[in-house]
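**Q** Full structure from sequences and hints, please.
Here is what each chain is made of, one letter per residue.
There are 2 protein chains.
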Amino acid sequence: MDTDELTELAQQLRVDSVRVADTAGSGHPTSSMSAADLMAVLLANHLRYDFDHPGHPGNDRLIFSKGHASPLLYSMYLAAGALDEEEFGTYRTLGSRLEGHPTPRLPWVDVATGSLGQGLPVGVGMALAGRRLGHTPHRVWVLSGDSEMAEGSVWEAAEHAGDQHLDALTLIVDVNRLGQRGLTRHQRDLDAYGRRLRAFGWHTVEIDGHDVEAVERAFNEAASTADKPTAIIAGTRKGRGVRAVEDREGMHGKPVKDAGEAIAELGGRRSIRVDVARPQAAPGNGTARSRPLSLPRYDIGDTVPTRDAFGEALTALGHAHEDVVVLDGEVGDSTRAEYFAKEHPQRYFECYIAEQQMIAAAVGMQAVGHSPYAASFAAFLTRAHDFLRMAAVSRASITVAGSHAGVSIGEDGPSQMGLEDLAMFRSIHGSTVLQPCDANQAARLVAATYDLAGVRYVRTMRSGTPVIYGPDEEFPIGGSKVLRRSDADRVTLIGTGVTVHSCLEAADALAAEGIAARVIDLYSLKPVDGDTLSAAAEDTECLVTVEDHHPEGGLGDAVAEAFGDGRPAPRRLVRLAVTNMPGSATGEEQRRAAGIDAESVAAGVRLLAEKIIR
Amino acid sequence: MDTDELTELAQQLRVDSVRVADTAGSGHPTSSMSAADLMAVLLANHLRYDFDHPGHPGNDRLIFSKGHASPLLYSMYLAAGALDEEEFGTYRTLGSRLEGHPTPRLPWVDVATGSLGQGLPVGVGMALAGRRLGHTPHRVWVLSGDSEMAEGSVWEAAEHAGDQHLDALTLIVDVNRLGQRGLTRHQRDLDAYGRRLRAFGWHTVEIDGHDVEAVERAFNEAASTADKPTAIIAGTRKGRGVRAVEDREGMHGKPVKDAGEAIAELGGRRSIRVDVARPQAAPGNGTARSRPLSLPRYDIGDTVPTRDAFGEALTALGHAHEDVVVLDGEVGDSTRAEYFAKEHPQRYFECYIAEQQMIAAAVGMQAVGHSPYAASFAAFLTRAHDFLRMAAVSRASITVAGSHAGVSIGEDGPSQMGLEDLAMFRSIHGSTVLQPCDANQAARLVAATYDLAGVRYVRTMRSGTPVIYGPDEEFPIGGSKVLRRSDADRVTLIGTGVTVHSCLEAADALAAEGIAARVIDLYSLKPVDGDTLSAAAEDTECLVTVEDHHPEGGLGDAVAEAFGDGRPAPRRLVRLAVTNMPGSATGEEQRRAAGIDAESVAAGVRLLAEKIIR
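Protein sequences, first through last, are from chains A and B.
Residues in the first sequence are numbered from 1 upward in steps of one, following UniProt numbering.
Residues in the second sequence are numbered from 1 upward in steps of one, following UniProt numbering.
By construction, these hints were calculated from the structure, which means they are not laboratory data.
There's no promise every hint is true.
Stated by the list, open to error - Partial list, derived from the structure: chain B residues whose beta carbon lies under 10 angstroms from chain A: (1) E99; (2) S115; (3) H203; (4) H252; (5) S334; (6) F380; (7) T382; (8) S415; (9) I428; (10) P476; (11) E538; (12) C542; (13) G583.
In this text the structure is predicted, and so the values were computed from the model without any measurement.
Each residue gets a CB set at the ideal place from its N, CA and C atoms; glycine is no exception.
**A** Here you go:
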């Protein structure tokens with residue numbers, strides 16, 4: 001399109017943004033209007049996208065990091081003929097695919113946005129995968145607001161993009177100087193953003209974002225810049241084109257007051273249809289090759305850390321499935337993700353100590369057809385909580401492994417202990433949460449996550465635990481293992497991970513004293529095996545949960561929730577968990593101090609036996 | 001000290017680091033040895049600190065962001081005479097104050113470190129408070145590793161420090177080029193760090209970190225630089241001084257193999273005692289002035305959002321207590337923290353969209369005597385999860401308010417909905433978690449957090465709810481309110497926040513049909529009112545929890561946990577929570593879709609009445 005056509009298209013995007021928010025009675029038209037010229041030029045002259053084949057590997061990727069500008073995005077889809085007027089009018093209503101912030105309920109939206117500062121990190125993941133593993137060239141465009149440049153995650157991403165020479169990635173910063181509540185920190189100082197990005201290895205272009213010729217030149221400059229990502233830093237005016245709102249404070253996140261007048265001021269409705277360029281290659285079938293999986297096998301009685309089994313199973317998965325990629329936050333020697341790196345260096349992504357970027361990259365990579373496994377210490381995964389939460393909204397399928405779970409890590413102390421991770425991962429919508437207690441179980445569970453939808457979490461341990469299962473044992477998701485059982489059982493001990501071993505040892509000690517205890521290995525914390533727990537609640541007087549985690553949100557709660565549908569509850573449910581603030585000590589001392597070692601479990605049951613269970 | 005003395009002191013710090021880790025059998029001596037010259041110069045010639053009065057407002061603040069270099073920090077305390085040799089030898093053992101990573105169990109440690117990338121953001125909080133509110137000049141020194149510069153939180157902090165001209169803040173980057181698992185991204189490229197920090201408004205000095213004269217000059221340059229924070233970027237060698245480990249990979253996080261030989265190579269043990277300079281001013285009593293608190297009062301029957309009451313109560317608290325400071329992440333108009341800003345601008349800190357920095361600054365400010373209240377959307381607080389977790393290890397007392405809780409926010413969709421926040425905050429060690437359902441309760445609870453130890457969370461709502469409590473009603477922490485009660489109660493409905501109103505409405509509808517339902521307002525989710533819940537479990541057949549939160553980790557789990565000490569459990573516990581993935585819709589439609597509105601609650605109870613409760 002030429003300048004005049006682009007200007008008209010931009011006005012159409014503004015008009016449509018104004019009217020869709022007006023119909024809905026809410027939304028962010030002014031944040032859309034500032035970026036309309038930028039997106040008009042992108043849509044008409046630069047984007048390559050086959051709307052009929054959203055999974056086409058040659059499709060460019062467009063991420064609206066400023067997700068609140070959804071009216072603009074949907075106006076682009078309308079202009080491209082992907083949406084019709086009727087659906088366009090459903091914006092922000094019950095059941096509509098056109099949500100307040102974009103989600104993959106629309107097939108052309110790869111990832112959900114709306115939590116600011118996530119678009120660039122996700123785009124980095126897509127561009128990284130494209131550069132390292134891609135066979136079909138495509139570009140990644142990220143539209144960002146100026147306020148969100150304050151998020152640290154943006155600078156993690158900027159660092160990665162510069163370091164990895166991601167020249168297929170273009171960041172477009174809509175510098176409209178007004179955040180939600182007033183002036184941004186840098187206001188109209190375009191070079192404040194430019195200086196920072198250049199220091200991180202980027203090529204930058206600073207332009208007037210309403211000058212469509214300048215915008216066109218900037219996109220061309222981005223396309224012709226090799227070995228560096230480009231940032232187009234565009235000075236714009238929020239609410240551009242409507243005097244009542246343009247560049248004025250207090251106009252964030254609300255429809256334009258007199259929409260009819262505003263639309264007239266913008267030149268009225270238009271019906272320009274953009275014929276978006278298709279990618280050059282054919283769609284292809286996109287299926288990665290798979291070979292039979294040959295998991296590691298461990299001998300019963302050996303002592304092996306579950307993190308080792310994770311690393312070895314991951315390596316085997318890499319051989320079996322070409323789409324498996326692994327990311328780690330500079331602790332691959334600890335998480336054992338490094339094992340994978342040694343055999344599949346091309347598919348291993350060192351994310352350095354940047355957990356937000358690590359999870360964002362995983363989300364980006366799965367959106368372009370890979371199967372990501374991301375690993376760090378369980379404790380440090382809390383850094384990426386917002387990205388994990390949004391991964392669920394993105395309908396992303398990724399596996400996350402957290403090592404160094406619980407007080408059992410020992411001397412390093414509480415800063416390194418994952419004691420909140422089960423609570424975090426269980427609360428993520430649609431997640432699967434698994435904790436193996438031995439190496440064979442770990443290998444099986446790691447492999448089982450490959451096919452699951454959603455965010456899957458595997459919690460591993462630093463120290464070795466005895467192998468108690470044979471290598472051919474199966475561990476269905478949502479299952480459990482009853483390890484000790486008799487008709488005389490008076491109490492049920494429920495462990496997960498390291499505490500399975502505490503429970504077994506305690507049960508053996510108690511058996512010698514004539515107290516029969518059932519033992520359940522609850523390796524699947526979400527979903528949870530309600531039937532086995534119900535049977536235990538029926539058969540025994542008391543359930544005792546034992547976990548190396550804070551009492552809130554972990555195993556004890558998972559067990560209690562199994563009865564939350566109204567099924568008859570256990571008469572007593574006693575929880576042993578980490579309620580103290582740990583310091584430094586050996587793993588065994590730590591478990592004793594927390595009251596989750598075998599001796600504490602046995603002592604607890606003896607007390608129960610006197611008072612309650614008969 | 002002169003050059004020769006400093007060199008000797010640095011060698012002593014190395015020797016002591018080697019031997020303390022050797023005695024413990026674990027720890028990070030090599031990461032300590034790289035920074036020994038830097039810290040020797042700081043301790044001997046620049047730090048002002050009264051070890052007998054750690055609370056002295058004139059004390060400099062020293063944060064070991066690379067907390068794993070704790071052997072170096074403890075060696076400094078030993079040299080300063082703050083620790084004796086006997087306690088020094090307890091490093092990393094059960095009960096010792098000398099943990100693997102520093103925590104405030106030692107009175108000279110203000111904040112816990114060990115989760116990398118947190119020291120600078122916390123230091124920014126201290127320096128911000130000092131610049132804006134401090135009366136006694138002091139400096140803030142942060143020792144950082146090079147690997148942790150990859151964390152986005154460091155760049156949030158760099159941005160704040162530059163923007164706010166924090167010239168009392170000095171960052172010392174120990175560029176030893178080796179991370180945990182090998183080479184760092186920038187290895188020995190000091191200017192890679194320098195360029196980036198300068199772009200963020202810092203003054204930088206690049207030096208050889210083992211040249212004590214250069215180190216001395218750098219500290220002087222930092223002290224004489226006005227209106228800009230200074231970063232001393234020091235090229236160093238990990239394990240410096242011992243050939244077997246110096247600058248070699250694979251030597252991270254383990255004692256030096258032959259400690260005796262290493263100590264000999266370092267010139268043997270020394271016993272230099274450093275007389276650390278005291279602050280110039282007298283200690284003072286440090287008590288902020290307080291006036292009587294005059295909370296806002298709301299009329300029963302009015303409709304008021306709890307976020308409004310939060311803002312108004314906060315403003316009143318600001319009048320009552322001079323030490324109250326408020327931080328917000330560029331959503332003060334939404335959280336209503338802005339109300340405070342209007343009356344107490346000097347004590348309001350705009351953190352822009354940088355939630356990690358916001359919480360870190362709160363932690364830093366409480367360490368220097370303020371009472372911080374930090375606010376953002378409940379959803380976006382997940383960004384700061386790791387900082388909240390570490391705040392607990394820091395024994396920090398801060399209040400965090402999360403607005404826009406749950407699906408009730410309506411059209412904006414899931415990215416903006418706090419649906420995991422209760423799970424997150426409840427799992428934080430020692431936390432208090434509160435959710436008011438009306439304005440008077442909100443005001444009281446906000447005020448009640450002022451005196452509590454630990455991390456306190458107040459969850460507020462976007463939309464108005466009817467005022468049901470009078471302004472003089474009291475709401476003890478750990479309490480609840482029984483709003484409907486009769487001897488005929490067959491079921492107990494338990495709500496919190498907006499769902500209290502769903503429960504009340506449902507109970508009234510059910511009463512008309514002859515089903516008597518007890519209603520409990522569980523405003524205190526941690527601690528929880530076990531006695532009232534026990535009584536309800538005894539009196540009624542079934543407890544039904546209703547929450548605008550995911551089913552994991554929230555109200556339902558809090559209620560279940562109340563019975564986790566072995567007290568007789570409720571026969572049935574039914575949970576109504578948000579199990580669907582919301583889209584856009586009105587708040588009322590969202591609650592209906594999630595099955596947590598009054599009609600859904602009533603329908604659920606009718607079903608129970610047919611089948612279970614008689």
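**Q** Next item in the hint list is B:E538. Is there a CB on chain A closer than 10 angstroms to its CB?
**A** Interface hint status for B:E538: violated (13 angstroms vs cutoff 10 angstroms).
**Q** If you take the shortest Cβ to Cβ gap from B:S334 to chain A, is it below 10 angstroms?
**A** holds, 7 angstroms
**Q** Have a go at the B:H203 hint: is there a Cβ in chain A nearer than 10 angstroms to its own Cβ?
**A** violated, 15 angstroms
**Q** Given B:S115 as an interface hint, is its Cβ closer than 10 angstroms to any Cβ of chain A?
**A** B:S115 check passes; min Cβ-Cβ to chain A is 5 angstroms, inside 10 angstroms.
**Q** Once the shortest beta carbon distance from B:F380 to chain A is found, is it less than 10 angstroms?
**A** Because about 6 angstroms separates B:F380 from the closest Cβ in chain A, which is inside the 10 angstroms limit, the hint holds.
**Q** Does the CB of B:C542 sit less than 10 angstroms away from some CB of chain A?
**A** Holds. Min distance 7 angstroms.
**Q** Hint check: is the beta carbon of B:G583 less than 10 angstroms from a beta carbon of chain A?
**A** With a minimum Cβ separation of about 5 angstroms from chain A (threshold 10 angstroms), the hint on B:G583 holds.
**Q** Regarding the hint that B:T382 lies at the interface with chain A, is the smallest CB-CB distance below 10 angstroms?
**A** holds, 4 angstroms
**Q** Holds or violated: the hint that B:S415 contacts chain A, with Cβ atoms closer than 10 angstroms.
**A** holds, 3 angstroms
**Q** Have a go at the B:E99 hint: is there a Cβ in chain A nearer than 10 angstroms to its own Cβ?
**A** Result: holds, 4 angstroms to nearest chain A Cβ.
**Q** Hey, does the B:H252 contact hint survive, CB to chain A under 10 angstroms?
**A** OK, holds: B:H252 within 10 angstroms of chain A, min 8 angstroms.
**Q** So, as I understand it, the hint says B:P476 touches chain A; can you test that by seeing if any CB pair is closer than 10 angstroms?
**A** Not OK, violated: B:P476 not within 10 angstroms of chain A, min 21 angstroms.
Consistency note: the structure conflicts with the earlier hints numbered 3, 10 and 11.
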